[in-house]
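Visitor: Using the hints provided, position chain W relative to the given structure of chain F.
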Amino acid sequence: MDWTWFHRLASPPYIYRLAATLTPWFAWPAGLLIAAGLYGGLVLAPPDYQQGDGFRIIYVHAPSAWLSLMIYSVMATAAAVGLIWRMKVAHAAAASCAGIGAWFTVVSLVTGMLWGKPMWGTYWVWDPRLTAQLILLFLYLGYMGLRSGIEDTARADRASAVLAIVGVVNIPIIRFSVEWWNSIHQAPSVMKMDRPSMPAEMLIPLLTMMVGFTLYFAAIMLVRLRAEILRRERSASWAREVVAS
Amino acid sequence: MTPRRRRIVLVVGILAGVSIAGALALRAFQENVMFFFDPTQVAAGEAPTGERFRLGGMVRPGTVERRSGSLDMNFVVTDFKRDVPVRYSGVVPDLFRENQGVVAHGRLGADGVFVADEILAKHDENYMPPEVARAIKDKHGGVMPVDPGKAVDPPSPGAVPLNLKLNP
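Residue numbers (our numbering), protein chains in the order written: chain F, 1 to 245; chain W, 246 to 413.
Simulated from the structure, these hints should not be mistaken for laboratory data. It should be emphasised that the depicted structure is a prediction, and the values quoted were computed from it without experimental measurement. Fair warning: there could be bad hints in the mix.
Here are some, though not all, of the chain W residues that point toward chain F, as calculated from beta-carbon distances under 8 Å [unchecked claim]:
id, residue
1, Ala261
2, Val263
3, Ser264
4, Glu310
5, Glu370
C-beta atoms are modelled at their ideal positions from N, C-alpha and C, and glycine is treated no differently.
Okay, chain F solo, but in the shape it has when bound:
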């Protein structure tokens, strides 16, 4: 098997240029899909028979929650690749995921609380799903804190990669918490094997938002990846040329 493509992925200048080329291809569709999804979700979709218009927060809440889990999986995978193959670019990719994932976790928690007060009757309860999601936020913050606490980049890469890999056990716990234990949080409406528990006019904007959010993450992650690569390669001649031009 030809592994040149894999080895090229380990080259910082190659990835730097690839990321610059790819960013608009993610950013523009992301903007269009999010605009369409918001219009579909907030204007076109009918109100829910029980929650009225309050259900519309799902169009931000569910995509954010989905991304908070997906970004952590991407981050842990990149960290493992970096650890196993000693690939600095992979560590840079993991590092550039953390901040975005932490913010999406915050958005999912805050929107969930705002929905929970009128619907459940409380902002917060120490429920398995809610608690596991809060732990996810602490994992992200711990990962970022550990990275910034170690001056030597190579050591910070290794230590934070181990933390990212350890934390990955929390991902299935969050996903299956509502099935393994009695939880106040409802079971998944869309991300399940069965057919979705909502009609098409509600579902299509939701799926549009999920794809839009995912592409938005890809675009922002590539921008952050370029900044991270430049920071790491600041003494390399190619990076100086990039900055000078």
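Guide: Structure of chain W alone, referenced to chain F:
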């Protein structure tokens, strides 16, 4: 073993170790992780009936009784196998309805009545537009008006607050 293979083993080892530790910890704390107990679990003695715990299930239709002039109410929580009567005094959340999920926090009395001091509604994963919205949609030639929230008027019967419906 090459250094790279050793690192693969290390990563897989960390994952396996942490997963096993996590699974064992969650099994050991099963009772604490459980947010609520259903009536069958209460009947089987699995709930910590000596202390405060959460009781969850569905509000059995036709069992919600409110005394006018006060916030006192009685209803029955069921999982369609066992029933537990609940007494509560206070304001209930919007989604508290008959045949809807509910989580009551309180204590099981000696008379078998669960005295709750906090009521939370549990929503299910089903979303659907109200019948009224469908009627309006038909009136508008199959297209939803620009502001369906305002167009839904009068509110569907399900949207009437419970206390209005039950108080004589």
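Visitor: Now, for every hint given, state plainly whether the structure supports it.
Guide: For each hint, the structure was consulted:
A hinted interface residue such as Ala261/W counts as satisfied when its beta carbon comes closer than 8 Å to some beta carbon of chain F; here the least separation is about 10 Å, so the hint is violated. Using the Cβ-Cβ criterion of 8 Å, the hint placing Val263/W at the interface with chain F is satisfied: the shortest such distance is roughly 5 Å. The criterion of a C-beta within 8 Å of any C-beta in chain F is met by Ser264/W, whose closest approach is roughly 5 Å, and the hint holds. With a cut of 8 Å, the hint placing Glu310/W at the interface with chain F is violated, because the nearest CB-to-CB distance is about 20 Å.
Nearest Cβ of chain F to the Cβ of Glu370/W: about 4 Å, under the 8 Å cut. The hint holds.
When held up to the earlier numbered hints, the structure conflicts with 1, 4 and fits the remainder.
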